[in-house]
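Colleague: If you want the building blocks of each chain, they are given just below.
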Amino acid sequence: MTLSIDRAGCTSCGDCALAAPEVFDLDDDDAKVILLLAHPPESARVAVEQAIRDCPAGVLAMVET
Amino acid sequence: MSAVAGCPVAHGFDPLSDEYLAEPYSILNDLRESGPAHHVPSIDYWVITRYEDIAAILSDPATYSATVAQAPLSALTDEAQDILRRGLRNVPVLSNLDPPAHSRIRLHLAPLFLPRKVAKLQQRIEEFSMRLIDDFAQLGRVDIVPALTFPLPALTVFRLLGFPDADVEQLKQWCGDKLEINWGRPDADYQLRAATNMVKFWDYCERFVEQQAQAPGDNLTSQLLRQRESDDGALNDQEIASVIFALSFAGHETTTNLMGNALRNLLSRPGLWQRLHADPTLVDSAVEETLRFDSSVIAWRRVTTKAVTIGGVDIPANARLMLAFGAANHDPSVFPEPEVFDIQRENARVQLSFGKGTHFCLGQHLGRVEVRTVIGMLARRFPDLRLAEGQTVTYPRNISFRGPESLIVEWSPEGAAQWA
Numbered sequence: 003m004t005l006s007i008d009r010a011g012c013t014s015c016g017d018c019a020l021a022a023p024e025v026f027d028l029d030d031d032d033a034k035v036i037l038l039l040a041h042p043p044e045s046a047r048v049a050v051e052q053a054i055r056d057c058p059a060g061v062l063a064m065v066e067t
Numbered sequence: 003m004s005a006v007a008g009c010p011v012a013h014g015f016d017p018l019s020d021e022y023l024a025e026p027y028s029i030l031n032d033l034r035e036s037g038p039a040h041h042v043p044s045i046d047y048w049v050i051t052r053y054e055d056i057a058a059i060l061s062d063p064a065t066y067s068a069t070v071a072q073a074p075l076s077a078l079t080d081e082a083q084d085i086l087r088r089g090l091r092n093v094p095v096l097s098n099l100d101p102p103a104h105s106r107i108r109l110h111l112a113p114l115f116l117p118r119k120v121a122k123l124q125q126r127i128e129e130f131s132m133r134l135i136d137d138f139a140q141l142g143r144v145d146i147v148p149a150l151t152f153p154l155p156a157l158t159v160f161r162l163l164g165f166p167d168a169d170v171e172q173l174k175q176w177c178g179d180k181l182e183i184n185w186g187r188p189d190a191d192y193q194l195r196a197a198t199n200m201v202k203f204w205d206y207c208e209r210f211v212e213q214q215a216q217a218p219g220d221n222l223t224s225q226l227l228r229q230r231e232s233d234d235g236a237l238n239d240q241e242i243a244s245v246i247f248a249l250s251f252a253g254h255e256t257t258t259n260l261m262g263n264a265l266r267n268l269l270s271r272p273g274l275w276q277r278l279h280a281d282p283t284l285v286d287s288a289v290e291e292t293l294r295f296d297s298s299v300i301a302w303r304r305v306t307t308k309a310v311t312i313g314g315v316d317i318p319a320n321a322r323l324m325l326a327f328g329a330a331n332h333d334p335s336v337f338p339e340p341e342v343f344d345i346q347r348e349n350a351r352v353q354l355s356f357g358k359g360t361h362f363c364l365g366q367h368l369g370r371v372e373v374r375t376v377i378g379m380l381a382r383r384f385p386d387l388r389l390a391e392g393q394t395v396t397y398p399r400n401i402s403f404r405g406p407e408s409l410i411v412e413w414s415p416e417g418a419a420q421w422a
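In the order they appear, the protein sequences are chains Y and Z. First residue of the first sequence: 3, per the numbering used here; consecutive thereafter. First residue of the second sequence: 3, per the numbering used here; consecutive thereafter.
Don't read these hints as lab results, they were simulated from the structure. Be a bit skeptical, because a hint or two may be false.
Unchecked claim - Below, simulated DSSO-like cross-link-like pairs (lysine-lysine); rule was C-alpha separation at most 30 Å, straight line:
(1) Z:Lys-122 x Z:Lys-358
(2) Z:Lys-119 x Z:Lys-174
(3) Z:Lys-174 x Z:Lys-358
(4) Z:Lys-174 x Z:Lys-202
(5) Z:Lys-358 x Z:Lys-119
(6) Z:Lys-122 x Y:Lys-34
(7) Z:Lys-122 x Z:Lys-174
(8) Y:Lys-34 x Z:Lys-119
(9) Y:Lys-34 x Z:Lys-358
Here chain Z stands alone, though its shape is the one from the complex:
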């Protein structure tokens, strides 16, 4: 693992290995301590490890292009590439588009995600949560991922975009396929199936925009279409379909994972859950510390547009970078005692999990509201919630999105409070 001086190559590091997926932080900490940048032959990326460097990279889109952010991580078979080339007609609009083109799209979307707009969704999020929680409250034991943390963010963002609730299951499955193709290392058979499904997902988005143009609804897609009435720079059909293709993915996977990470961290340390139950005002900072300590986006990607030097390490032009948010969020030069999960940490909010700069996460307010709502409601309702003993928690095999695939929790139903 350790890098030889003058030859910063992390030969043994594979961000898709079982070892890393199960316990990434000791590995990331070792990488950060041995240097600011290492070439990683297993994925042909440079991993960047320090807070200061990653913050500077995110703030310099001219030198560090975002075009690679959604690119397939691993080489695809000719067959899979062919399916995607013929069927995927989406254009870069958000996370993988550089300024100035990005600025135009972003300007049309940012007003729809203002904190006061998101606050209006709070009631709907609470209603969804209550309904899902009521369904299992008397069981005493449940896998919280399929029961709550998986459906809630999907229902929320799909309702926001305008997709019918009935399509949630199908859409979620397609999103999983997109994740494998762009951030994982799927085998040839899976690539074929996933590429086919990504095309179906795209077709769905394209058709949905056509429908909304015919019969507008009370949703974000129709709002984007309506912007054209008064704005020459508004998005065209292909851009709108590309935006909803992007948001329908970005808007729930990350939130589901953050809820899971929050619950796992809060329930695995004695006394923390009881503190939250006793003092609900701690929920906000507990969520913020989860973003820092155990982010649902552990790494993000950039590509150099010219030769650069990062922390004294020379990196050529066109080098692909894996920005290890997980390493930056545990950087002791910014976060004292970084391995302590401190739900009242003073500067947790400067974590880099939502990125920074031009591409700063559009949905950060929405994500926060959803996770705070769910954690707050669970802490209120189930004071003795705990992790079931003996379970092995697994994580999806990809380089960016991290959260438990399943998390079994238990409680005493007779002790469960009512909503009041």
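For reference, chain Y alone in the conformation it holds in the complex:
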């Protein structure tokens, strides 16, 4: 699993970090999304999919399943 994020479009809602805290966080300086793990383990799949669904700005993507 490989993830990508579009930081420019992030609106800092933090829903991703709520759904998958091991994978996504918000940066302390600009409050936009950061990827803690670009290749999260299989065990994080459900949470990652949830985060992608939840993102109201649509800036999270799974580029490789």
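Dock chain Z against the given chain Y, drawing on the hints supplied.
Modeller: For chain Z alone, coordinates are given in the frame of chain Y:
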């Protein structure tokens, strides 16, 4: 009410009427079912009704400008306009500023409202709540708005900005005046008084920034001032004063109203309050369903920058839009059985009450924490809390901010739990 085909005008619709303020949802549902967009002559706005259209509008700031978001809804008298023109030196900074200028301001504020920053305020919010609740716990009957839901969000956000607790009453009154001017239809006398008070409110914010520059405190205003030490793009004095002028208003009225809406909905349906008392983990989703079902921001505004077509309806450039969040949040294409208040609704979180996109509510985490804390504490402490019978609940006369002005609740003091 119904629109004639090809002529989408909602002649009978007045979002400031008694009928709508008391019971807006049947009217909004009718509007949504009869079409995606209707011109509303009573306020000279177009009301937009469907979830999908409103979400798309909020995501397209170039076509749908936010500059109108804080504009006076109704025409003001020359006298009131003159007072505001001379006295209000605030500049657009947040909800009524478009990108890219907005992006710079937002970037400097968003880090201060991160969930982990807000989590640090939780303890303070609990302490404020406990103190306020202890004051009335033995009475058995109270108007919960002045006793709790009105002061708590104000204390919280004013403390965050740095304003002294002693000024809360005064600030709250000024905020009420700003609400009438920008979102209501005040008469000439009220306009004069409210415009004068808005200027006093602005002067207060400006003076406060000067004070904090001299003697910094542990608050958001001083944090914004301090950003200049290491950041060329940091906000100037006028922008900071404008930010606190905006946040001191946005940061409590909406939260007060959401608490009131949550309590009214939870207490008016048999068994719901007991479920919350028995299972406090339901509080979060109950608050989310309140945001969907009975939002404290029932509508928000945009203006078109060019001619557009919304759901097949042609709308000209420079048309003012009233985005009916209340209609979108009851749209059956997104929320099955929308008229059911379901505190475990699976997708309640996609409600549009905090907006979406660039202007997504900066204080959403703070608002959620406050409302969850209050509802959770009340459910824990007062298992038999109920609405007093025979009361008429009234709502403020404006197009956006909705919550009970007064809500009398009762309980048996001997049954009230202690904090433990």
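Colleague: A separate judgement is required for each hint: does it hold in the structure or not?
Modeller: These are the hints, each one checked on the structure:
1. Note on Lys-122 (chain Z) and Lys-358 (chain Z): the hinted pairing holds, with a Cα-Cα distance of about 25 Å set against a maximum of 30 Å.
2. A distance of roughly 25 Å separates the Cα atoms of Lys-119 (chain Z) and Lys-174 (chain Z); the hinted pair therefore holds under the 30 Å criterion.
3. The hinted pair formed by Lys-174 (chain Z) and Lys-358 (chain Z) meets the criterion: a straight-line CA distance of about 27 Å does not exceed 30 Å.
4. Proximity of Lys-174 (chain Z) to Lys-202 (chain Z) is assessed by CA-CA distance (about 12 Å); at most 30 Å being required, the pair is judged to hold.
5. With a C-alpha separation of about 21 Å, the suggested pair Lys-358 (chain Z) and Lys-119 (chain Z) falls inside the 30 Å cut-off, and the hint holds.
6. In summary, the hint linking Lys-122 (chain Z) to Lys-34 (chain Y) is supported, as the alpha carbons are separated by about 19 Å, within the 30 Å threshold.
7. Of the supplied pair hints, the one linking Lys-122 (chain Z) and Lys-174 (chain Z) holds, its CA atoms being roughly 24 Å apart against a limit of 30 Å.
8. With a C-alpha separation of about 14 Å, the suggested pairing of Lys-34 (chain Y) with Lys-119 (chain Z) holds against the 30 Å cut-off.
9. Between the alpha carbons of Lys-34 (chain Y) and Lys-358 (chain Z) the distance comes to roughly 15 Å, so the proposed pair stays at or under 30 Å and holds.
Going through the hint list in order, the structure satisfies each hint without exception.
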